[in-house]
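Chain residues, written in single-letter form:
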Amino acid sequence: MIDYNKALSKTIRDMKPSGIRKFFDIAQGMKGVISLGVGEPDFKTPWLVRKEAIDVLEKGKTCYTANSGLIELRKEISKYFERTINTHYDPEHEIIVTVGGSEGIDLCIRCMVEPGDEVLVVEPSFVCYCPIVEICGGKAVVIETKAKNEFRLTADELSEKITDKTKLLVLPFPNNPTGAIMRREDLESIAQVLKGTNIIVISDEIYSELTYSGRHVSFAQIEGMRERTVVINGFSKSFAMTGWRLGFVGGPQPIVSQLLKLHQYAIMCSPTVSQYAAVVAMQSCISDIEKMKNEYDMRRRFVVDAFNKLGLDCFTPQGAFYVFPCIKSTGLSSAEFCEKLIYSKKVAVVPGDAFGACGEGFVRVSYAYSINHLREAVKRIGEFLEDLKNGKIQ
Amino acid sequence: MDQLIELLKTNARLSDSELAVMLGKTEQEVKQEIEQLEKDGIINGYAAIIDESAYDPNSVFALIELKVTPQSQSGFDEIAKQISSYDQVQAVRLMSGTYDIIVEVTGKNIRDISLFVSQRLAAIDAVQETTTHFGLRVYKDNGIIIGSEETDERGLFL
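Sequence order for the protein chains is R and P.
In terms of the working numbering, the first sequence opens at residue 1 and continues consecutively.
In terms of the working numbering, the second sequence opens at residue 1 and continues consecutively.
These aren't lab readings, by the way, just hints derived from the structure by calculation.
It is possible that some hints are incorrect.
Computed cross-link-like contacts, SDA-like style, restricted to lysine to any residue with a CA-CA straight-line distance of at most 20 Å [to be verified]:
(1) R/K31 to P/D16
(2) P/K31 to R/K379
(3) R/K75 to R/T272
(4) R/K379 to P/A123
(5) R/K309 to P/L14
(6) P/K9 to R/N372
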C-alpha cells in the first residue's frame with residue numbers, strides 16, 4: 001500500500017482548497033439556481049477572434065511558438081501597454097505571453113520568493129496569491145483594505161506591514177471581489193512608501209479595461225516605479241476570452257528574463273491557436289471592449305442601486321464586474337447569508353470571506369449577467385430579506 | 001438615446017426608474033426621451049414577443065410573397081395599406097428583388113391561411129401572383145431566442 005500522505009508534500013496537503021468549493025457543490029446540486037457567482041464575462045469572444053482560431057486550425061498552424069510567445073503578439077502587447085498605460089516594454093526581452101494572468105502571478109511569486117520571505121497581499125482579493133507564496137515557503141502577510149476607504153490600499157496600511165523581510169507586494173486593482181480601483185494619487189502615495197526599498201510590486205491588472213470612472217492607471221506608470229513593477233494582464237476579462245487561457249506579463253528585463261526560464265521549463269509556450277487569435281483581438285477588436293464595458297457599466301449602476309434600495313450598503317465600485325455589498329445588517333455571517341439565500345431563494349452569491357478574512361460581512365455579486373437575469377435575482381434577494389425580517393427563514 | 005432604445009428592445013418592461021439608474025439619467029429625463037421617441041414615430045408600440053407554437057400548437061405562420069402591379073397614383077402604398085388593415089397580418093414590407101410585397105400572417109391552421117390568401121390577397125386586382133411559405137419552427141424573433149432555455153455553461157468560479 002502506498003502511503004499517499006508520505007508521497008505528497010506537506011505544504012500541499014495542508015493547503016486549504018478554495019473557500020468557494022463547498023458552496024459551488026451546493027449550487028451545482030440544485031435545479032433552477034440563479035447564479036450571481038461567476039467570475040467571467042457573459043459575452044462571447046468577438047467573432048473575428050473565433051474566426052481566426054478556426055482559420056489557424058484549418059491551416060494546421062499548431063506547432064509550439066517561441067517560449068515567450070509569438071513575436072507578432074508580443075509586439076501587439078507592447079503597443080497595447082504604450083497605448084493603455086503609457087509604458088514601454090521591449091517585445092523581445094520584457095514581455096512573456098502566459099497561460100492566463102494566473103500563470104503570470106505564479107511565475108512572479110515563484111521566481112522571487114524564498115523561504116522566510118514575506119509577501120504583502122492586499123485583501124479581499126483573488127484567491128491564488130497566498131497559496132503560491134506558501135508553496136515557496138514564503139509568508140503571506142495580509143493587508144486588509146477597508147470599506148470606509150472604498151477598499152483602496154492606503155500608504156499607512158502598507159507601511160505598517162513592511163519589515164526587512166518584505167520582498168513583494170501584490171497589488172490587485174481593479175479588484176476582484178470589491179470592484180475597488182486605485183487612482184493615480186493613491187498609487188503615488190504607495191510609491192512614496194516603496195521608494196528606496198527593494199520591494200517588487202506584482203500589479204495584477206487583469207480587470208484594467210473595466211474601469212468606469214476615468215482611465216485605468218498602472219503602478220508602473222508612477223514615476224520611478226516601472227523598475228520595480230511587473231504588470232500582469234491578459235485577454236480573459238477584456239476580450240471575453242477566459243477559456244483561451246492567455247495572459248501576459250510586462251516587466252523590467254532582469255526580472256522577465258528569469259521568469260522566462262521558469263515559464264520555459266514549466267509551460268514551454270502558451271497555446272498557439274490562442275496566440276494567433278489574440279493577435280487579431282489586439283488588432284481588430286478594441287471596439288468590442290468598449291461595447292462590453294458600456295454594457296457592464298449599465299448593469300453596475302442597476303445592481304448598486306438595487307442593493308442600496310434593499311438596505312444592503314454597497315459602495316459604488318469603479319472597476320471589474322462585481323459589487324461587494326455589506327450584509328452585516330442581517331445579523332448573519334457571510335457563509336450563513338449565502339447558504340440561506342441559496343436554499344430559500346435559489347440565488348447564488350459568493351461569501352466575502354472566500355477572498356480573505358476581512359471579506360467577512362460582505363458578499364460578492366457578479367454582474368456578468370443580462371439585465372433580465374439580474375432583475376430576477378435582485379427580486380429574489382429582496383424577498384429573502386423580507387422573509388428574514390419576518391422570521392420566515394430560520 | 002441609442003442605449004435607451006437598445007434597452008427597450010431587449011426588455012420594454014423596464015421601468016423608467018430602472019432605465020434611469022442604468023443610463024445614469026434622471027427618471028424625468030428618461031420619461032421625456034421616451035415621449036420624444038414616441039412622438040417622432042421611432043417607437044411605435046410595445047408588444048410581447050409570443051412563441052405562437054407554445055401558445056397554440058395548431059397555429060400556423062406564413063410568409064407570403066406578392067407580385068403587385070403598382071397603381072398610377074399611389075404606387076404600392078394603397079395596396080400595402082389595404083393588406084395591412086387585415087387582422088391576421090402581422091407585418092407588411094415592400095421589398096426589392098423578384099417580388100414586391102412580403103406579408104407575414106398567422107392563422108389558426110393551414111386552411112385559415114389558404115382562405116386568407118385565396119379570398120383576400122389573390123382577390124386584389126393589382127396582385128398578379130402569390131407564393132406562400134409556411135413556417136416550420138421559430139428560433140429567434142425580434143432579437144429574442146425562442147423556445148430553448150439558454151444554459152449558462154460558466155462554472156461558479158472565482
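We went through each hint and held it up to the structure:
Taking the CA atoms of R/K31 and P/D16, the gap is about 33 Å. The hint is violated against a cut of 20 Å. For the suggested pair P/K31 and R/K379, the alpha carbons sit about 23 Å apart, so the restraint of at most 20 Å is broken. A threshold of 20 Å between alpha carbons decides the hint, and for R/K75 with R/T272 the separation of about 16 Å falls inside it, so the pair holds. Annotation: proposed proximity of R/K379 to P/A123 is violated, straight-line Cα distance about 53 Å (limit 20 Å).
Pair hint R/K309 plus P/L14 holds up; C-alpha atoms about 17 Å apart against a cutoff of 20 Å. For the suggested pair P/K9 and R/N372, the alpha carbons sit about 12 Å apart, so the restraint of at most 20 Å is met.
The structure fails to meet hints 1, 2, 4 from the earlier list, while all remaining hints are met.
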